[in-house]
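Chemist: Chains as they are written, first to last, in this note's numbering: chain S, 23 to 306; chain V, 433 to 693; chain Z, 265 to 536.
Just so you know, these hints were derived from the structure itself, not from any lab. Note that the Cβ used here is the ideal one computed from N, Cα and C, for glycine as well. Treat the hints with care, since some could be wrong.
Taking CB as the label site, the calculated pair distances span [what the hints assert, rightly or not]:
hint : chain 1 : residue 1 : chain 2 : residue 2 : range
1    : S       : VAL249    : V       : THR568    : 42 to 50 Å
2    : S       : TYR263    : V       : LYS640    : 50 to 58 Å
3    : Z       : ARG535    : S       : LEU27     : 52 to 60 Å
4    : S       : SER164    : V       : ARG604    : 46 to 54 Å
5    : Z       : MET399    : V       : ARG604    : 58 to 66 Å
6    : V       : THR568    : Z       : SER350    : 20 to 28 Å
7    : S       : GLU55     : V       : ARG496    : 25 to 33 Å
8    : Z       : LEU534    : S       : ARG101    : 38 to 46 Å
9    : S       : THR305    : Z       : GLY321    : 52 to 60 Å
A few chain S residues facing chain Z, derived, Cβ under 7 Å [stated by the list, open to error]:
hint : residue
10   : SER66
11   : GLY67
12   : SER172
13   : VAL272
Rough simulated footprint, nothing fancy, chain Z against chain V, three-plus residues with beta-carbon under 8 Å [unchecked claim]:
hint : stretch
14   : 580-588
15   : 594-607
16   : 614-622
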Amino acid sequence: MLVKLPIIEVKDLAFTYTGLKKPSIVDVNLNVEAGEFVVLTGPSGCGKTTVCRCLNGLIPHFYTGEMRGSVRVAGLNVRERLTSELAEHVGLVFQNPENQLFSLSVERDVAFGLENLNMPVSEIRRRVDWALGATGTLEIRSSAPYELSSGQQQRAAISAVLAMQPEIIVLDEPTSFLDPKSAKDILGVVAELNRKLGITIFLVEHRLDLVSRYADRVLVMDEGRVVLEGSPREVYGEKAYLIGVGLPKVSMLFHLLRKEGFSFNEVPITVDDASKELRRRLTS
Amino acid sequence: MSLKLFDGFRFTRRDTPVHRMDPRAKLILVATFFVGAVIFSNLLVLLAIFLVEIPVIASARSLRRWVRTMRGGAAFALLIFFMNLFFGGTLSLAIALTLRFIILLSSFSIFFLTTSPDDFGLALQQAHLPYTLSFTFTTAVRLIPTMAIDVQTIVDAQKSRGLELEKGNLLRRIRNYIPILIPLIISAIRRSVELAEALESRAFGAKKTRSSMVTLRMSGSDYFAVALTTVFLGVMVYLYLFSAVPSFEIPIKIPSLLQLF
Amino acid sequence: MIAVENLYFSYRDGAEVLHGVNLEIADGEFLAIMGENGAGKTTLIKHFNGLLKPNVGRVLVDGVDTRDSSVASLSRNVGIVFQNPSHQFFSETVREEVAFGLRNFGYSGEVVRKEVDRILETLELTRYAETSPFMLSGGEMKRVALASVLVWNPKHIILDEPTIGQDYRQKEKLRKLILQLNMQGKTVVIVTHDVEFVADCKPTVVLLSRGRVLGEGPAEEVLVNQKLVDEASLLRPQIAELMGSLLDLGVPGNVIDTFQARRILAKSLLRV
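Pulled out of the complex, with its shape left as it was, chain S reads as follows (with noise of 0.2 Å):
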């Protein structure tokens, strides 16, 4: 019978970047099921930026140190394939916009990667368009980086990676930059990758707020561990408040309805199931 690999396997890992005395993460155990929506949250510092990096192969490749256990991902092990190979499996998007685009327009910058590759220029061509057209892109293929908004520069930054066709894309507090709007927007754009082209996103976010209605898992971070991992529903709860995850504000607010004594099936994680919920209490 064959079983079905987790798409990301991390087997108690741990890194301590060199010239750190203090390991960054540690007893990091974590699988993705192929297609999943994963976000990963937790206090500034806790390790979620280490964890991006060791998904596609930064670590241990670019930033050097002393790194335990194991990651695979897509099947590969990303200590033994250069991040080069990796690249085609993962993608990253980081959180300053400006940082990720090299060329004066849009679609070269989405080429970039596929002209690393050597591509064919007709398969580059095609992927290109593909690309542009999955994210919304395509009105502003011609445009310099500095003619966008920060939004529409995360937008590009998002159909670089995805002109190189990985199974996973990792993105790191990509909102940070952005307006309320923006970072509505831009999760919306990733969470139709996951739907309709099935990719598998491993989401670093503090605005659970935007993120909850997407997320089929959430996992919290403290001090380099894992300490939470759940539903969304599952996890929003005391124990993630006190760690100092900022929780939507509907869940805060049930739970703070619960403590007075009034029980609830279940703690909503969007405006919609709150409002059902109040309703449905209100008029019954």
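Start from chain S and add chains V and Z according to the hints.
Modeler: For chains V and Z alone, kept in the frame of chain S given last:
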């Protein structure tokens, strides 16, 4: 030297004959101005070269930007002018050499105002220069406006903490720039690291050869421009080799200041 | 008081960024200037200490026209903390870094040492006094940047996007600090697009969009207005959205605070 200097080197997308020109043809054009400015010290020739450059800048609709670059480099131009007079040169020579500086500056300016760093990189690539070299260059050029913004941000932040750049004697003023330079260098390093991370993540350097979605192709008008430029270059070389240019001196004698010492 | 009168401003090479802004910030007020990226928020606050001067109109800080003053002298009373700490750090130690502003304003010796110690303690940075500012985490760097402005005790404090890159706990600390500063009588202005943070702080809100003031008023009124919030390319705070969806059930609409919502809903639920 102020930040205005950089304005004349920043590429903006425009639809002008000069912008549309193949970067290689443009390079030959600009190199010709360059060669002409360097081999001649004759005021008339330099003036002629300068007068030919103006319509080129005008057709690129970049006159205003070019003027700003000239204003930015004015201090250096004046330095050249007075240094030449100081060491006993004639008025004609001083003007000629200042003009040379202006032509050189303008040549670079024309090229970079009208050529996107990407296209320039492509030109270098297609000339079979190693990719890492052309990429380094184009990235550096692309980062110039970004760095200029960083400088402004840093200056704003430090001025808001009471830093007065113009205050004090020369030594003090130099020291005043430390709170500007250090954050600038550090932010440049940070930016480089982030860029490097992004490059690695997009398989930079993965294969020995690299394909290119866009290739530069010379059009008929590009070949025509190259032909014209070659003729111009030929005429200049002829004039130079056979000293066929009338020498010209402005009939004003400026006493050498050096004689005072 | 900071008075902005009919302010028009464009950058040298660009289009007009501020179109006729009128604003009055009273002493001791707590204000949030909100809007999408590119609305002109940072451009506006740079007028408060003279970094930028109006093309048309004028800005008066405590009665002084900013065009008649230097940035250094205006900064004595208007302290702006910019977004990115790494765009200003240059010293070997946090102590040196924080002392910089005071030294620029002519202080030295014992006074500097005392004031630096004081502000380091207030912001819980004492243990980092001899550390290099570059070795700190992002959140700590932001605190050092804040300390380096608060150290000279300006009357008015402007924070440009203080919540970017901060986690929930850090934002809570910041919120408490802001309230503390405001209670001490300082004018506090924050420039932000973080609606949830503003919903927790509840300042007066000025909505800026494309260089114009769209609206002004208490947070509970401005941030619940769907139309205004949309025009400013922002989102309403979650609580406002929730309570807004239950208007027909008699739930009041102008609520943005979680605790207030709890009180109101607890009462309504008990009645059922």
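Chemist: Holds or violated: is the Cβ of GLY67/S closer than 7 Å to a Cβ in chain Z?
Modeler: holds (5 Å)
Chemist: Between TYR263/S and LYS640/V, does the C-beta distance stay in 50 to 58 Å?
Modeler: Given a distance of about 53 Å, which is inside 50 to 58 Å, the answer is holds.
Chemist: Using the C-beta atoms of GLU55/S and ARG496/V, is the stated range 25 to 33 Å upheld?
Modeler: Given a distance of about 59 Å, which is not inside 25 to 33 Å, the answer is violated.
Chemist: Could you say whether the range 46 to 54 Å given as a hint is met by the Cβ separation of SER164/S and ARG604/V?
Modeler: Cβ of SER164/S to Cβ of ARG604/V: about 49 Å, so the range 46 to 54 Å holds.
Chemist: Taking the Cβ atom of THR568/V and the Cβ atom of SER350/Z, is their distance within the range 20 to 28 Å?
Modeler: holds (24 Å)
Chemist: Within the assertion that chain Z covers the stretch 580-588 of chain V, do at least three residues meet a Cβ-to-Cβ distance smaller than 8 Å?
Modeler: holds (count 4)
Chemist: Could you check the hint for me, namely that LEU534/Z and ARG101/S are 38 to 46 Å apart, CB to CB?
Modeler: Once the Cβ atoms are compared, 59 Å apart, the range 38 to 46 Å for ARG101/S and LEU534/Z is violated.
Chemist: Within the stretch 594-607 of chain V, is the number of residues with a Cβ closer than 8 Å to a Cβ of chain Z three or more?
Modeler: holds (count 3)
Chemist: Quick one, is the SER172/S hint okay against chain Z at 7 Å, beta carbons?
Modeler: holds (6 Å)
Chemist: So does ARG535/Z sit 52 to 60 Å from LEU27/S, Cβ to Cβ?
Modeler: Taking Cβ atoms as reference, ARG535/Z and LEU27/S lie about 55 Å apart, which means the hint holds.
Chemist: Take the C-beta atom of MET399/Z and the C-beta atom of ARG604/V, compute their distance, and say whether it sits inside 58 to 66 Å.
Modeler: Because 29 Å falls outside the window, the suggested range is violated.
Chemist: Holds or violated: is there a CB of chain Z closer than 7 Å to the CB of VAL272/S?
Modeler: Check passed: Cβ of VAL272/S comes within 5 Å of chain Z, closer than 7 Å.
This entry does not satisfy hints 5, 7 and 8, going by the numbered hints stated previously.
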